[in-house]
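So in full-length UniProt numbering, spot 8 of the sequence shown is number 8, and the numbers just go up one at a time.
Bear in mind the hints are in silico, worked out from the structure with no lab data behind them. For every residue, glycine included, the Cβ atom is placed at its ideal position computed from N, Cα and C. Some hints could be false.
No farther apart than 20 Å at their CA atoms in a straight line, the calculated lysine-lysine pairs in the PhoX-like style are these [stated by the list, open to error]:
| hint | residue 1 | residue 2 |
| --- | --- | --- |
| 1 | Lys327 | Lys347 |
| 2 | Lys190 | Lys207 |
| 3 | Lys41 | Lys109 |
| 4 | Lys274 | Lys7 |
| 5 | Lys130 | Lys167 |
Quick list of simulated restraints, FRET-style, between CB atoms [to be verified]:
| hint | residue 1 | residue 2 | range |
| --- | --- | --- | --- |
| 6 | Asp243 | Gln161 | 28 to 34 Å |
| 7 | Glu88 | Val258 | 50 to 56 Å |
| 8 | Glu276 | Gln133 | 45 to 51 Å |
| 9 | Gln133 | Gly244 | 27 to 33 Å |
| 10 | Thr92 | Ser264 | 43 to 49 Å |
| 11 | Asp165 | Glu335 | 47 to 53 Å |
| 12 | Ser264 | Gln220 | 51 to 57 Å |
| 13 | Gln133 | Asn16 | 28 to 34 Å |
| 14 | Gln161 | Glu276 | 28 to 34 Å |
| 15 | Arg265 | Thr92 | 42 to 48 Å |
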Amino acid sequence: MTEFDPKDMEYRFLGNTGLRVSVLSYGGWLTVKDDSEKITKECFEEAWKHGVNFFDTACTQFRGANLRQAEVYANGECETVFGKVFKELGWTRSDYVVSTKLYFGFGEKSPNGRGLSRKHLMEGMDKSLKRLQMDYVDIVFAHRPDRDGVPMEEVVRAFTQIIQDGKAFYWGTSEWSSFEIEHAHHIATKHGLIAPIAEQPEYSMLKRDRFEAEYYPLYQLYKYGTTVWSPLAGGILTGKYNDGFAPGTRYGDASSPVIKSIKSRWESPEGQAKIEKVRKLTSVAEELGCTTAQLALALLLKNPAVSTIITGSTNVEQVRENMVALKVYRKLTDEHVEKVEKILDNKPDYFKLF
């Protein structure tokens with residue numbers, strides 16, 4: 001067992017709570033494949049060495065699956081792998097933070113096989129903990145809002161019960177609208193229930209409007225936390241697609257309908273215009289002595305509304321490369337940010353956050 005050492009990692013409170021999470025965290029959605037246990041363990045250990053204390057069971061495609069939800073793929077394989085790896089590593093449970101998500105189920109035909117009904121949430125939580133081999137998770141996210149008729153009060157009551165039963169300490173939302181998050185807070189206040197504390201949104205320097213504009217009142221009103229996913233825009237911000245979608249890459253070898261659909265968006269005129277911006281970011285990255293991926297992560301860290309950035313890796317070297325973003329973040333000046341903003345030209349007009 002390796003004792004936890006924070007090193008030079010930075011930790012931020014997750015929303016309006018006392019829970020501290022590393023600003024760079026680790027998600028398993030890129031590691032799940034035939035040798036996933038070995039890869040996951042190696043990546044966990046490397047992240048741990050750099051002071052990462054937050055691990056998220058996140059979206060993925062597994063062996064060609066078309067869906068990318070935590071419960072869905074390979075019947076909860078990510079949680080199963082995470083559970084086995086945590087057991088093998090033997091880390092002290094109080095030293096790390098784990099989150100999972102509920103909503104999608106496993107594609108059952110049962111009318112209660114997905115969604116945010118009390119039945120699905122309570123049963124899904126028990127199954128999740130069994131796969132993780134844990135008594136509790138720190139955070140459970142509602143993976144999507146339920147727009148099929150489940151009352152918000154039922155959703156909030158169910159998550160409150162999960163927390164009161166000691167199966168999770170907090171609950172959060174993922175890809176909810178600001179109105180839906182506000183509605184959940186209203187219900188919680190009205191009935192003396194537990195409100196969500198954080199959102200898990202997609203956020204990158206190529207996708208900013210919702211995070212920097214729509215959610216802004218939530219940061220001010222509730223100090224709402226965020227656990228950001230897809231910070232590199234599906235790999236586009238790494239720069240590896242600057243010269244096209246080469247064989248051997250995710251989009252170059254696209255086979256599933258989901259990846260093919262995403263690839264087609266990047267091949268559109270709008271997508272190509274964004275890739276051209278990534279090419280131009282190379283000059284700023286070179287000035288800082290880093291990669292465009294590290295620059296992209298560092299820029300998100302400049303935003304105080306970001307509690308943690310969920311990074312994904314297929315090997316240990318990628319974990320190391322991602323961790324360098326913390327050093328780049330500390331070197332970023334207003335001049336650097338200004339240069340980036342001029343290249344991107346996509347800052348929401350709603351407010352200026354940083």
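Comparing the hints with the structure gives:
1. Using a Cα cut-off of 20 Å, the hinted pair Lys327 and Lys347 is violated, with the two alpha carbons roughly 24 Å apart.
2. A threshold of 20 Å between alpha carbons decides the hint, and for Lys190 with Lys207 the separation of about 34 Å lies outside it, so the pair is violated.
3. A threshold of 20 Å between alpha carbons decides the hint, and for Lys41 with Lys109 the separation of about 34 Å lies outside it, so the pair is violated.
4. For the hint pairing Lys274 with Lys7, the CA-to-CA distance comes to about 36 Å; that exceeds 20 Å, so the pair is violated.
5. Note on Lys130 and Lys167: the hinted pairing holds, with a Cα-Cα distance of about 11 Å set against a maximum of 20 Å.
6. Look at Asp243 against Gln161: about 53 Å separates their beta carbons, and that is not inside 28 to 34 Å.
7. Range check, Glu88 to Val258: Cβ separation about 31 Å, and the 50 to 56 Å hint is violated.
8. Judged by the Cβ atoms, the range 45 to 51 Å given for Glu276 and Gln133 holds: they are separated by roughly 47 Å.
9. Restraint check, Gln133 to Gly244: a C-beta distance of roughly 43 Å breaks the suggested window 27 to 33 Å.
10. Roughly 46 Å separates the CB atoms of Thr92 and Ser264, a value that falls within the hinted 43 to 49 Å.
11. Our hint of 47 to 53 Å for Asp165 and Glu335 holds, since their Cβ atoms are close to 52 Å apart.
12. At about 38 Å, the beta-carbon gap between Ser264 and Gln220 misses the expected band of 51 to 57 Å.
13. Checking the proposed 28 to 34 Å range against Gln133 and Asn16 shows it holds: the Cβ atoms sit about 30 Å from each other.
14. The beta-carbon spacing between Gln161 and Glu276, approximately 50 Å, falls outside the hinted interval of 28 to 34 Å.
15. Remark: the range hint 42 to 48 Å for Arg265 to Thr92 is upheld by a beta-carbon distance near 43 Å.
Consistency with the previously given hints fails for numbers 1, 2, 3, 4, 6, 7, 9, 12 and 14, ordered from lowest to highest.
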